[in-house]
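Here are the chains, one letter per residue:
Number of protein chains: 4
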Amino acid sequence: MHRERFYTLSASCPDRVGIVARVSGFISAHQGWILETAFHSEQIDDGGGPGQYFMRIEIRADSLPFMLSELRERFAPIAEEFEMEWKITDSAVRKRVVILVSQQEHCLYDLLARWKSRELDIEIPCVISNHDTFRGFVEWHGIPFHHVPVSADGRASAYKEMRRIFEEARGDVMVLARYMQILPPDLCEGYPGRIINIHHSFLPSFVGARPYHQAWVKGVKLIGATCHYVTAELDQGPIIEQDVIRIDHTDTVGDMVRYGKDIEKAVLARGLRYHLEDRVLVYGNKTVVFR
Amino acid sequence: MHRERFYTLSASCPDRVGIVARVSGFISAHQGWILETAFHSEQIDDGGGPGQYFMRIEIRADSLPFMLSELRERFAPIAEEFEMEWKITDSAVRKRVVILVSQQEHCLYDLLARWKSRELDIEIPCVISNHDTFRGFVEWHGIPFHHVPVSADGRASAYKEMRRIFEEARGDVMVLARYMQILPPDLCEGYPGRIINIHHSFLPSFVGARPYHQAWVKGVKLIGATCHYVTAELDQGPIIEQDVIRIDHTDTVGDMVRYGKDIEKAVLARGLRYHLEDRVLVYGNKTVVFR
Amino acid sequence: MHRERFYTLSASCPDRVGIVARVSGFISAHQGWILETAFHSEQIDDGGGPGQYFMRIEIRADSLPFMLSELRERFAPIAEEFEMEWKITDSAVRKRVVILVSQQEHCLYDLLARWKSRELDIEIPCVISNHDTFRGFVEWHGIPFHHVPVSADGRASAYKEMRRIFEEARGDVMVLARYMQILPPDLCEGYPGRIINIHHSFLPSFVGARPYHQAWVKGVKLIGATCHYVTAELDQGPIIEQDVIRIDHTDTVGDMVRYGKDIEKAVLARGLRYHLEDRVLVYGNKTVVFR
Amino acid sequence: MHRERFYTLSASCPDRVGIVARVSGFISAHQGWILETAFHSEQIDDGGGPGQYFMRIEIRADSLPFMLSELRERFAPIAEEFEMEWKITDSAVRKRVVILVSQQEHCLYDLLARWKSRELDIEIPCVISNHDTFRGFVEWHGIPFHHVPVSADGRASAYKEMRRIFEEARGDVMVLARYMQILPPDLCEGYPGRIINIHHSFLPSFVGARPYHQAWVKGVKLIGATCHYVTAELDQGPIIEQDVIRIDHTDTVGDMVRYGKDIEKAVLARGLRYHLEDRVLVYGNKTVVFR
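Chains A, B, C and D, in that order, are what the protein sequence lines are.
Residue 1 is where the first sequence starts when you use the working numbering, and the numbers rise one by one after that.
Residue 1001 is where the second sequence starts when you use the working numbering, and the numbers rise one by one after that.
Residue 2001 is where the third sequence starts when you use the working numbering, and the numbers rise one by one after that.
Residue 3001 is where the fourth sequence starts when you use the working numbering, and the numbers rise one by one after that.
Looking at chain A on its own, in the form it has when it is part of the complex (with noise of 0.2 Å):
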């Protein structure tokens, strides 16, 4: 967490001798300050072939002698080069995440509370619900309400409605903050990488409804929330964070949605900054998360 304004480069490819040497090889030709950097090569299983390098570097605006414009022209040939997928963010350009929320509290106050504390440095352009329940506490904090139904004979329409307000809202990413409807396959397709859900399970055990009465009927002695991309396949997007908690015999059903709420919440608030600070690189349906 800098105060200074700086620049994130974070990028993947194929692995070979000499990347960082390029890449910061690059940086140090024009005197750029590194803030921090992480890299990690991942090697395949099987150990076959080079396996794939992912990268993520901060460097401090002010150190540079070009704006981020000319700092993207000019690294462009080094990521031709090493056949990179790369981008470049600025710190100072805050994202704006969209919120989607139904009945439940506990990850909409815990969003706000950081959203106006300025923990989480970030527009919210607007929250969007099936339900009506949260128009005035939301409206209070100066930011707008869309009431979005959702009816059985209605849902294309919804979606579509959706997507709209997201579009007109320039969202980055959307934010299911226990959203408790299963969105569309071509709206989690349209946006890969940028629908973030809270599933209220240790996945991949108990995917779908009721994961904490799965777990009473498993008696498992931990419960658990997973913070993930949405893909069009429900509950199987690559995983950004976990989290558990002991639960014992006298745990109700009551019990483990009360303390899970407290996990929902924490796991969703560390995956969505991992995500705004650039720091998760998906690789097929797994992330690579530089915390």
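Keep in mind that the hints are not guaranteed to be accurate.
[Unchecked claim] Heads up, simulated DSS-like pairs for lysine-lysine below, C-alpha to C-alpha not over 27 Å straight-line:
(1) 2116(C) - 2095(C)
(2) 116(A) - 1116(B)
(3) 87(A) - 286(A)
(4) 2116(C) - 2218(C)
(5) 116(A) - 95(A)
(6) 3286(D) - 2116(C)
(7) 218(A) - 2286(C)
(8) 3218(D) - 1218(B)
(9) 218(A) - 2218(C)
(10) 1087(B) - 1218(B)
(11) 1286(B) - 3218(D)
(12) 3095(D) - 3160(D)
(13) 116(A) - 218(A)
(14) 1116(B) - 1095(B)
(15) 95(A) - 218(A)
(16) 2095(C) - 2218(C)
(17) 1218(B) - 3116(D)
(18) 2218(C) - 87(A)
(19) 1218(B) - 1160(B)
(20) 3218(D) - 3095(D)
(21) 1218(B) - 3087(D)
(22) 286(A) - 2218(C)
(23) 3116(D) - 1087(B)
(24) 3218(D) - 3087(D)
(25) 3116(D) - 3095(D)
(26) 2087(C) - 218(A)
[What the hints assert, rightly or not] Interface residues of chain C toward chain B, partial, derived using beta-carbon atoms under 7 Å:
(27) 2017
(28) 2018
(29) 2021
(30) 2024
(31) 2025
(32) 2028
(33) 2030
(34) 2031
(35) 2064
(36) 2066
(37) 2191
In short, the hints are calculated from the structure, not lab data.
Just so it is clear, the structure is predicted and the values come from calculations on it, not from any experiment.
Note that the Cβ used here is the ideal one computed from N, Cα and C, for glycine as well.
Chains B, C and D: place on chain A using the hints.
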């Protein structure tokens, strides 16, 4: 967590043969339906005396043939026989929690979310603060807000005023939700076991000011938070609940403050819940917590 | 953990008024000194019936005016009255634990260290293995070692031999300390609640072979271990204890195996201890664990 | 954890532009294949100076066109240019770990299990103890055992003898595996960053003797263990690793001692591994640990 109305008997007394039999025999004789029981015999460390006995029993209200007042009356002779400190509370009577706050959002938002969703089934008669920052937020929730500034030369009158507000609000418990002022000894002593604080370190490490900074200087690998009853001696009261989170060398003091907030609000919420459900029995400077 | 000799009564029965009173009244009537008690009412999830009641009581042996056999005799009518499944064990009678192991050190060393230091106050009449690897180590401790190879076409006779050894050793419990063979159903069914396994995943995730590899493929952020009773269905028996450890993208399958060992031995040791101290009551496919 | 032979460069120096570029450029120029890298810029808390830079790089030995000695020779000028404290170690050279123990099994069994299974790829040239208790166990493993009694009036000669043994064994690191004696200051100062202790509390809480008893008196809700480098000041050396475990009012001091053992051996094993893999860089009284 039960839906039915129930009475909670909590008591402690010198350990001896027959306590459980006598108490449970009494309940059984009146067809009392026990929902939850917990007993504990505190063995004195030097192995000398007989130790102290603690108990907590939840009895379904509608299983008894009389009201709470008569239950108390009939139980009194048993309590006297065993020299108990005891009380019986009624789940239908919401406890009145007065929240004290300064300028940090996290605990306040967290407590109000739990109150609004009925997860914490309490009354919040008012919020008191030495700043006016959260007036709008608190009042939006329909809760009275009292701004009681604490100036260097007006401390005595400020705390007198806070005491008056607490009394007028018929407060059962005062919660210091990151209230950044030290309460005067007479106030602490006036409400033993009724003022709950959240301290932002894993006590007994890092008493007093700037504990995260102290932790950074020391280079510990975990930071924590402690929920405790307030006594006249700073950060030394009986500990109700604690927890920690892992940090590493990449974390600045600012990062610790941020992580710490998540621990603080979780530990405060758990500790407060234990207190509200009469699960905490104080013994000397320690607590028995029947989770 | 008590130094004094004590009896442990553990029982379960249909819930109704007066169980605690009747049992504690019986103990008290004989001046029995209770060291530790735990009760639990399992509320059936659909809210239908009266639920099941569980209890565990430790009574100081020297406080009673009769021996264990008479205690059992006198308690039997109460047990019958309440339709209890019950037993009373004696802390002075060490349980006999037969350990099964293959070629991994960690659980074996861990269990023998606990046995040698008397932290686990048990008899180990023998160790059985499908390899001869640990003969010297086990025999150095003065414990008989049986090498029972399990070949593809000699499985039936091998398991018959193991059963014979277990019977001859008068084993109370069989511990699969990373024994890498699947026991045949008839062996599992022959000793219900007496065979304990440690599975190297957080069940129900990653049943069967190579769970760490499965975890790597899935990209989970925590890995775990599960101590459970063995039943005829693979990795599906009642769970006694579980725990997890955090991993990240830098961890290979090999790293997970290494971290996993620490979780495995800790979870196995805790689960085994709960079993040995009669803290585990099985109910359907779940457990009540009175820690 | 890599199978291939590799060199590990670890270094620290004043932070400035171009460190990563210079070092990675050097490696790349010789076609060095980087397996793992970690960099850290320690920001001084008062925001004054430029801070200190830390790095750790693993390079595949067979990717370089020269041997270790030449690698060191060629790197020396760069190290000098950046005023580095540095070293390069070889994964093929096993570190020599001398274990000191008293009368508790748990850490000794744990370390020898890890050594025997090659999880810890080290040499154990000898074990030293102030008791003769573990001679048989240690010698069974083929490891020399030295009994060096420490009597009240023979402390000086005992520690002189231990130092002689350590030197003769060409020890790289001395591990106090619950060695219950306080080393004299001159011994501590003679091997800075080479003596590792496991203290049975979550430091800085509960320095010195009987920490579990101190924890019991204080009534903390978690107990812990701390792995640290030994310095002349008791329990004040740089912390390498820590962990905690939850306790409650039912736990006696004896229970804490038992739980504590599990934390102690796990924390010691992790801390020792970090040290052996050159992942720990000491800076003042703190550590950077590149896990």
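| Which numbered hints are broken by the structure, listed smallest first? | 4, 6, 10, 13, 15, 16, 17, 19, 20, 23, 24, 33, 35, 36, 37
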